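A.B. asks: Here is what each chain is made of, one letter per residue.
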Amino acid sequence: MFVTYLRRELAGRRKQTAIVAIGMALAIALVIIVNAVSSGVQLAQSTVLASVYGVGTDITVSQTPAAPTEGEAGAGGPQNFDFGADDGATTDGTTTVSQARLSVDRGTTAFDSAALGTVSGIDNVSAAAATLSLSNTTFDGALPERSTTDTGSAPTGGDAAAGGTPPSGGPDGAGGSSFSVDSFTVLGLDPADEAVGPLSAVSLTDGRSLESTDVGTNVAVLDASYATTAEVVVGDTIAIAGTDFTVVGLVTASSADAATASNVYIPLDVAQTLAGLDGQVTDIYVQAASSTDIEQIQADVEAALPDTTVKTQADLASSVSGSLSSASDLVKNLGLWLSLIVLAAAFLIAILFTISGVTRRTREFGTLKAIGWSNGRIVRQVAGESLIQGLIGGVVGIAVGLVGILVINLVAPTLTAGAAATEAGAMGGPGGGGGGFGQAAAETATSDIVLQVPVTLSVILIAVGLAVLGGLLAGAIGGWRASRLSPSEALRSIA
Amino acid sequence: MYELTNVTKKYDQGKRSVTALNNVTLSIPDGQMVAIQGPTGGGKSTLLQMLGALDRPTGGTVQLGASDLSKLGQGPLGEIRAREIGFVFQGFNLIPTLTAQENVETALAPLGVSTADRTSRAAAALASVGLGERGSHLPAELSGGQQQRVAIARALVKEPAVLLADEPTGNLDEQTRDEIMELLEGLWRDRGLTLIVVTHDSAVAKRAQRRLLIKQGVVREIS
Numbered sequence: 000m001f002v003t004y005l006r007r008e009l010a011g012r013r014k015q016t017a018i019v020a021i022g023m024a025l026a027i028a029l030v031i032i033v034n035a036v037s038s039g040v041q042l043a044q045s046t047v048l049a050s051v052y053g054v055g056t057d058i059t060v061s062q063t064p065a066a067p068t069e070g071e072a073g074a075g076g077p078q079n080f081d082f083g084a085d086d087g088a089t090t091d092g093t094t095t096v097s098q099a100r101l102s103v104d105r106g107t108t109a110f111d112s113a114a115l116g117t118v119s120g121i122d123n124v125s126a127a128a129a130t131l132s133l134s135n136t137t138f139d140g141a142l143p144e145r146s147t148t149d150t151g152s153a154p155t156g157g158d159a160a161a162g163g164t165p166p167s168g169g170p171d172g173a174g175g176s177s178f179s180v181d182s183f184t185v186l187g188l189d190p191a192d193e194a195v196g197p198l199s200a201v202s203l204t205d206g207r208s209l210e211s212t213d214v215g216t217n218v219a220v221l222d223a224s225y226a227t228t229a230e231v232v233v234g235d236t237i238a239i240a241g242t243d244f245t246v247v248g249l250v251t252a253s254s255a256d257a258a259t260a261s262n263v264y265i266p267l268d269v270a271q272t273l274a275g276l277d278g279q280v281t282d283i284y285v286q287a288a289s290s291t292d293i294e295q296i297q298a299d300v301e302a303a304l305p306d307t308t309v310k311t312q313a314d315l316a317s318s319v320s321g322s323l324s325s326a327s328d329l330v331k332n333l334g335l336w337l338s339l340i341v342l343a344a345a346f347l348i349a350i351l352f353t354i355s356g357v358t359r360r361t362r363e364f365g366t367l368k369a370i371g372w373s374n375g376r377i378v379r380q381v382a383g384e385s386l387i388q389g390l391i392g393g394v395v396g397i398a399v400g401l402v403g404i405l406v407i408n409l410v411a412p413t414l415t416a417g418a419a420a421t422e423a424g425a426m427g428g429p430g431g432g433g434g435g436f437g438q439a440a441a442e443t444a445t446s447d448i449v450l451q452v453p454v455t456l457s458v459i460l461i462a463v464g465l466a467v468l469g470g471l472l473a474g475a476i477g478g479w480r481a482s483r484l485s486p487s488e489a490l491r492s493i494a
Numbered sequence: 000m001y002e003l004t005n006v007t008k009k010y011d012q013g014k015r016s017v018t019a020l021n022n023v024t025l026s027i028p029d030g031q032m033v034a035i036q037g038p039t040g041g042g043k044s045t046l047l048q049m050l051g052a053l054d055r056p057t058g059g060t061v062q063l064g065a066s067d068l069s070k071l072g073q074g075p076l077g078e079i080r081a082r083e084i085g086f087v088f089q090g091f092n093l094i095p096t097l098t099a100q101e102n103v104e105t106a107l108a109p110l111g112v113s114t115a116d117r118t119s120r121a122a123a124a125l126a127s128v129g130l131g132e133r134g135s136h137l138p139a140e141l142s143g144g145q146q147q148r149v150a151i152a153r154a155l156v157k158e159p160a161v162l163l164a165d166e167p168t169g170n171l172d173e174q175t176r177d178e179i180m181e182l183l184e185g186l187w188r189d190r191g192l193t194l195i196v197v198t199h200d201s202a203v204a205k206r207a208q209r210r211l212l213i214k215q216g217v218v219r220e221i222s
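For the protein sequence lines, the chains are A and B, in the order given.
Residues 0 to 494, numbered by numbering that gives the first Met the number 0, are exactly what the first sequence covers, in order.
Residues 0 to 222, numbered by numbering that gives the first Met the number 0, are exactly what the second sequence covers, in order.
Chain A on its own, in the form it takes in the complex (with noise of 0.2 angstroms):
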């Protein structure tokens, strides 16, 4: 009797059972769409991360930037290129002069590598590694020679006049000068660490990446689009801080709309001598035993190196920007709250429609306990008529978000998104080379990650679970109206 009565009492009311299963539909697709989305983003902002800081980097160590002391220059501080009277090659008239310099990015800065120590010998740390993050400057400028008998003194305004000797020399022949400033990315790192770091999250495209062996030669792999941008192939060199590097590869990050940490890699020590920075490193790349371990860790190493910031996955998640960044906040906030509120009016309409039906059938509940229905029996036929629309509105919801998702991966929004060094030492520069003189350290390397959006069993249960959820309460209100009906009043209500 219960089924039969069930079927057709949703079937002889058809539009208040698809009101209800529309309104609880609708709320579902969207907690599903919500919930996918934000997996998504999350997703994109992991491998965004990973390109830079590396597959399973946990935990980041930088030193706290300090104010230099007077009369020291401060760490990645202006950056001068200082020329003697006899430096450069000088050739018909024009001297040129070139200067490279490896540095610390501004903002950034070095120190002692022995912190690596510490930090891989603080429990439940499964892998630690050291890296050094540079920029190489390079200033090529051409002037006019400069003439031993030039006094220097400009002429006064007879004499030019009076037409005194023209200027000569330099590239233009007229006198005139031109400078150039280039710089790239280096980041120094220990060809042996492999399970953790900026070179964790790459492919190889071509040619070897950087071994144990090549401790203390100069060889260098590159990021692949910069060596594009550069046109240098595996077997070419490239100039770092005046010395030559052999090009033994070239690597990509393992998600293609992502960049990697640095245009060049070359091992730490080399990146030491030439910096002159022995012994220095600028961040410690920290892989934790377990998820939970991390809080743990973080704070055995803040209280055992207690001059470094140490950033965790979530904090480095917050230095994500671009139109990623926004999707994350678009759905952390407007998402959520939205999904709420219309789960609200959903649950909202079910009960509405519920205690309505129930309160439209007063005779015909009345009449059911005068001919000896229990209490029991009538909220339980209630409940179950709530609960069936419920679940009718929860499969089509979750039919409705998964064509959601299905739309979503199919229009495939590509979303910019970057790491940025928003504070001193949080991580190191990902590929900004290119930039203007001492910018280097204040690029954001931008990538295109192409959003997509996983179903997952977990959201499909969950939209379950609610519309089970909102089907119950709805039925339990009404099934307490319904049981508080006295027959004799329900009787009376039809005369």
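Think of the hints as simulated: they come from the structure by calculation, not from any bench.
Be aware that one or more of the hints could be misleading.
What the hints assert, rightly or not - One-sided and incomplete, this derived list gives chain B residues near chain A with beta-carbon spacing under 7 angstroms:
id, residue
1, Gln48
2, Phe86
3, Asn92
4, Ala106
A quick note: this is a predicted structure, and the numbers were derived from the prediction, not measured.
Each residue gets a CB set at the ideal place from its N, CA and C atoms; glycine is no exception.
Please build the complex by placing chain B on the supplied structure of chain A, with the hints as guidance.
C.D. replies: The following block gives chain B in isolation, referenced to the frame of chain A:
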């Protein structure tokens, strides 16, 4: 069968209290056909609700066989209604989304009867009221008289000791009224049940063995 002793029923309507039944003392033996007449608002329906265990009196006792209906809770009253009492209403009160067969089966649902037994008994009850061929029809597809027959089948399918009919012909034309009353009388005679009919129609009341008049909550016999 029924023993009512000093039964009083009062309803609160705001600040006023309305007395629907005023010290009613009444005895109805097994197998009797009783008609209860009276003007609108006189207490007919209230008396029927006391007899039908639909409500409890404010004062006095209502004895149905061995059960004191005035002292039982809603649960036990419901069980008595399920087993002992059949109802026929003026407005038929059929479930609109259920077929005639299914409407009759609703009376057997609380009794824990098996599905097969329920189906066969409901079909037999419909046949006994002349609607054996109409089991699959919805109430909206039946005439008023046919709907009331279905309601009678629903009331009798559980073989109650008492059949209470509240204005059973109130919504029917004269011819149909007579048909329904013929049916009720026939069933009453055949089954020996106690039939109590509330009506304002004298033509219906005259068919009863005994006639009672209730006016302003007071019951008296009509010869």
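A.B. asks: It remains to establish, for every hint, whether it holds in the given structure.
C.D. replies: Structure-based check of each hint:
1. Taking 7 angstroms as the C-beta cut-off, the interface hint given for B:Gln48 holds, the closest approach to chain A being about 5 angstroms.
2. This hint holds: B:Phe86 has a C-beta 5 angstroms from the nearest C-beta of chain A, less than the 7 angstroms allowed.
3. Taken as an interface hint, B:Asn92 checks out: its beta carbon lies about 4 angstroms from the nearest beta carbon of chain A, inside 7 angstroms.
4. Because the closest C-beta pair between B:Ala106 and chain A is about 5 angstroms apart, less than 7 angstroms, the hint holds.
Hint compliance for this structure: every hint is met.
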